[in-house]
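Chemist: Line order of the protein sequences matches chains A and B.
First residue of the first sequence? That's 7 in the working numbering, and the numbers climb one at a time after it.
First residue of the second sequence? That's 9 in the working numbering, and the numbers climb one at a time after it.
No lab work stands behind these hints, which were simulated from the structure alone.
No residue lacks a Cβ here, since even glycine has one placed at the ideal position from N, Cα and C.
The reader is advised that the hints may include incorrect statements.
Covered, in the sense of this in silico footprint (three residues per stretch, anywhere, with C-beta under 8 Å from a C-beta of chain A), are these stretches of chain B [to be verified]: (1) 44-52; (2) 71-84.
Restricting the straight-line Cα-Cα distance to at most 30 Å, the calculated cross-link-like pairs of lysine-lysine (DSBU-like) are [claimed, not checked]: (3) B/K50 x A/K47; (4) B/K65 x B/K50; (5) B/K50 x A/K70; (6) A/K20 x B/K65; (7) A/K61 x A/K20; (8) B/K50 x A/K20; (9) A/K61 x B/K50; (10) B/K50 x B/K66; (11) B/K45 x B/K79; (12) B/K79 x B/K65; (13) B/K45 x A/K26; (14) A/K47 x B/K66; (15) A/K26 x B/K79; (16) A/K26 x B/K50; (17) B/K50 x A/K72; (18) B/K76 x B/K45; (19) B/K45 x A/K47; (20) A/K70 x B/K66.
Each chain, letter by letter, is given below.
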Amino acid sequence: GAVVSQHPSRVICKSGTSVKIECRSLDFQATTMFWYRQFPKQSLMLMATSNEGSKATYEQGVEKDKFLINHASLTLSTLTVTSAHPEDSSFYICSAWRNEQFFGPGTRLTVL
Amino acid sequence: GENVEQHPSTLSVQEGDSAVIKCTYSDSASNYFPWYKQELGKRPQLIIDIRSNVGEKKDQRIAVTLNKTAKHFSLHITETQPEDSAVYFCAASNTGTASKLTFGTGTRLQVTL
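Let the hints inform the model, and build the full structure from the sequences given.
Modeler: Here's what the structure looks like:
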């Protein structure tokens, strides 16, 4: 199967700082990637669809100026959480589609 | 948009018994229905999926059924084992568009000895 990596796996930051999370498709090209957020004991909620070479499509209720997405190449999408607050603490997972969804291992973000 | 409901939220079965988890979806355009197993702190793992041109699919102890008319699909696990204990999510997608997944709320399965 295809492999999707994510970096970092864990990050702790202070309130008000920005954090960048990288999502890479290692053995295939992905024109579209997805970013999900999962709070403890809850389901995965789609935040946005990342499109290579164009603007991301955000789901209703997700602030595009707070969660910046850049899909600069066919193998890399980045999610930047700007001015992070404790309520942004969550598990962030990316995925890429290749006949099925391939998920990255996730990034645990803790904002102090 | 798509809305996926999942029941039950928790399920406890004895080892060797069967487990059934049910989901309903709202968007008739959805045509791809995967099931994922997620262990704590890990990524979701695809365990089985079904597309709308098929009514049933089986893979060893796992089977999925789809009723397009009623817009519901179910996961069946037979001969459950302790290692089946995890959280299971159903999802729905329209692969003709962005292929984004809408997840159900999850079922915590506990298989007891």
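Chemist: Determine for every hint whether it applies to the structure shown.
Modeler: Hint check results:
Residue count for the region 44-52 of chain B with a Cβ under 8 Å from a Cβ of chain A: 4. That meets the three needed, and the coverage hint holds. A stretch counts as covered by a chain when three or more of its residues have a beta carbon under 8 Å from one of that chain; for the region 71-84 of chain B and chain A the count is 0, and the coverage is violated. Note on B/K50 and A/K47: the hinted pairing holds, with a Cα-Cα distance of about 13 Å set against a maximum of 30 Å. Between B/K65 and B/K50 the CA atoms are separated by roughly 26 Å; this keeps the pair inside 30 Å, and the hint holds.
For the proposed pair B/K50 and A/K70, the alpha carbon gap of about 26 Å is at most 30 Å, so the pair holds. This hinted pair does not check out: A/K20 and B/K65 have alpha carbons roughly 48 Å apart, beyond 30 Å. For the hint linking A/K61 to A/K20, the alpha-carbon distance of about 28 Å falls within 30 Å, and the restraint holds. For the suggested pair B/K50 and A/K20, the alpha carbons sit about 24 Å apart, so the restraint of at most 30 Å is met.
A distance of roughly 29 Å separates the Cα atoms of A/K61 and B/K50; the hinted pair therefore holds under the 30 Å criterion. Between B/K50 and B/K66, the direct Cα distance comes to roughly 25 Å. Compliance with the 30 Å bound is thereby established for this hinted pair. Under the criterion of a C-alpha separation no larger than 30 Å, the hint pairing B/K45 with B/K79 is consistent with the structure, at around 22 Å. Note on B/K79 and B/K65: the hinted pairing holds, with a Cα-Cα distance of about 16 Å set against a maximum of 30 Å.
Taking the CA atoms of B/K45 and A/K26, the gap is about 27 Å. The hint holds against a cut of 30 Å. Between A/K47 and B/K66, the direct Cα distance comes to roughly 28 Å. Compliance with the 30 Å bound is thereby established for this hinted pair. With a C-alpha separation of about 39 Å, the suggested pair A/K26 and B/K79 falls outside the 30 Å cut-off, and the hint is violated. A distance of roughly 20 Å separates the Cα atoms of A/K26 and B/K50; the hinted pair therefore holds under the 30 Å criterion.
Restraint check for B/K50 and A/K72: the C-alpha separation of about 25 Å stays at or below 30 Å, so the hint holds. As the CA atoms of B/K76 and B/K45 are separated by approximately 23 Å, the hinted pair is consistent with the 30 Å bound. Between B/K45 and A/K47 the alpha-carbon distance is near 14 Å, which keeps this suggested pair within the 30 Å criterion. Our distance criterion of 30 Å between C-alpha atoms is broken by A/K70 and B/K66, whose separation comes to about 41 Å.
Consistency with the previously given hints fails for numbers 2, 6, 15 and 20, ordered from lowest to highest.
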